[in-house]
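Undergrad: Sequence:
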Amino acid sequence: MDFSGILFLLTSLLLAGGLLVFLLRKRKPVIIADEVELLNEKEAAFRKIDHWIKSDKRFLDPALKLDRVARGVHLSEREVSSAINTIACENFNAYINRWRIKEAKCLLTDDSHSHFTVDAIAEMVGFANKVSFYKAFKRVTGTSPTEFRRQVKQAT
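Positions 1 to 156 (UniProt numbering) are the ones given, in order, by the sequence shown.
These are calculated hints, taken from the structure and not from any lab test. Hints are supplied without guarantee of correctness; some may be wrong.
Unchecked claim - Cross-link-like lysine to aspartate or glutamate pairs, in silico, DMTMM-like; alpha carbons within 20 Å at most:
(1) Lys57 with Glu35
(2) Lys65 with Glu77
(3) Lys105 with Glu35
(4) Lys65 with Glu79
(5) Lys54 with Glu35
(6) Lys102 with Asp61
(7) Lys54 with Asp34
(8) Lys130 with Glu147
(9) Lys54 with Glu43
Said to hold, decoys possible - Each pair of labels, with its calculated beta carbon distance range:
(10) Lys138 with Cys89: 39 to 47 Å
(11) Ala94 with His51: 15 to 23 Å
(12) Asn129 with Ser55: 24 to 32 Å
(13) Ala44 with Lys102: 19 to 27 Å
(14) Glu79 with Thr146: 14 to 22 Å
(15) Ala44 with Arg150: 38 to 46 Å
(16) Glu35 with Ala128: 34 to 42 Å
(17) Asp34 with Ser112: 47 to 55 Å
(18) His74 with Thr156: 25 to 33 Å
Beta carbons are placed, not taken as given, at the ideal position from N, Cα and C, and that holds for glycine.
Taking the hints into account, I'd like the entire structure generated from these sequences.
TA: Next comes the structure, spelled out in structure tokens:
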């Protein structure tokens with residue numbers, strides 16, 4: 001291959017590369033627009049899910065599972081799970097447990113519930129057993145429920 005052949009080959013490669021870059025730049029806004037639309041759909045689904053779970057404090061039901069939420073909001077289990085994973089950045093169980101722990105913190109600090117044991121409060125907020133409650137509480141708050149209650153009492 002002589003010099004002109006090499007020059008032709010290099011020119012062809014550069015033009016093809018330039019065309020590829022041009023096409024990719026043209027396509028990128030479409031990809032971004034599709035991703036934005038998908039994110040908007042997930043945000044709308046999450047708002048619907050979040051409202052359904054919080055209304056009447058459905059998260060307190062120990063039998064609350066993904067399939068029941070999906071039926072309640074008229075979405076598939078996959079859509080519910082995906083929306084929670086994407087928007088809340090946690091899985092379904094962690095999301096539900098976060099709301100249960102928030103409620104438990106209120107009950108643990110409420111004087112009208114001071115006569116309830118921590119285990120009783122765990123049951124009241126929807127945990128099937130105390131071990132899961134203690135683990136979830138510690139994961140969310142960084143302390144045990146008993147220590148949390150003690151610290152709040154000392155502070156007041």
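Undergrad: Look at each hint and say if it fits the structure.
TA: Status of each hint after checking the structure:
Between lysine 57 and glutamate 35 the CA atoms are separated by roughly 32 Å; this puts the pair beyond 20 Å, and the hint is violated. Taken as a hint, the lysine 65 and glutamate 77 pair is honoured in the structure, with Cα atoms around 10 Å apart against an allowance of 20 Å. Distance check on the hinted pair: lysine 105 and glutamate 35 sit about 37 Å apart at the alpha-carbon level, beyond 20 Å; violated. Of the pairs offered as hints, the one joining lysine 65 and glutamate 79 holds, with about 14 Å between alpha carbons and a cut-off of 20 Å not exceeded.
The hinted pair formed by lysine 54 and glutamate 35 fails the criterion: a straight-line CA distance of about 28 Å is larger than 20 Å. The suggested pairing of lysine 102 with aspartate 61 holds, with an alpha-carbon distance near 14 Å, which does not exceed 20 Å. Of the supplied pair hints, the one linking lysine 54 and aspartate 34 is violated, its CA atoms being roughly 30 Å apart against a limit of 20 Å. For the suggested pair lysine 130 and glutamate 147, the alpha carbons sit about 15 Å apart, so the restraint of at most 20 Å is met.
Annotation: proposed proximity of lysine 54 to glutamate 43 holds, straight-line Cα distance about 16 Å (limit 20 Å). In this structure the hint that lysine 138 and cysteine 89 lie 39 to 47 Å apart at CB is violated, the actual value being about 20 Å. Restraint check, alanine 94 to histidine 51: a C-beta distance of roughly 19 Å satisfies the suggested window 15 to 23 Å. For the pair asparagine 129 and serine 55, the supplied restraint of 24 to 32 Å holds, since their beta-carbon distance comes to about 26 Å.
A hinted range of 19 to 27 Å for the beta carbons of alanine 44 and lysine 102 is consistent with their spacing of about 24 Å. Hint check: glutamate 79 to threonine 146, Cβ distance near 39 Å, so the stated range 14 to 22 Å is violated. Under the hint 38 to 46 Å, the C-beta atoms of alanine 44 and arginine 150, about 42 Å apart, fit the expected range. One distance hint, 34 to 42 Å for the beta-carbon pair glutamate 35 and alanine 128, holds here, with the actual separation near 38 Å.
Range check, aspartate 34 to serine 112: about 52 Å between beta-carbon atoms, so the 47 to 55 Å window is met. Take histidine 74 and threonine 156: their Cβ atoms lie about 45 Å apart, and the range 25 to 33 Å is violated.
When each numbered hint is compared with the structure, violations occur for hints 1, 3, 5, 7, 10, 14, 18.
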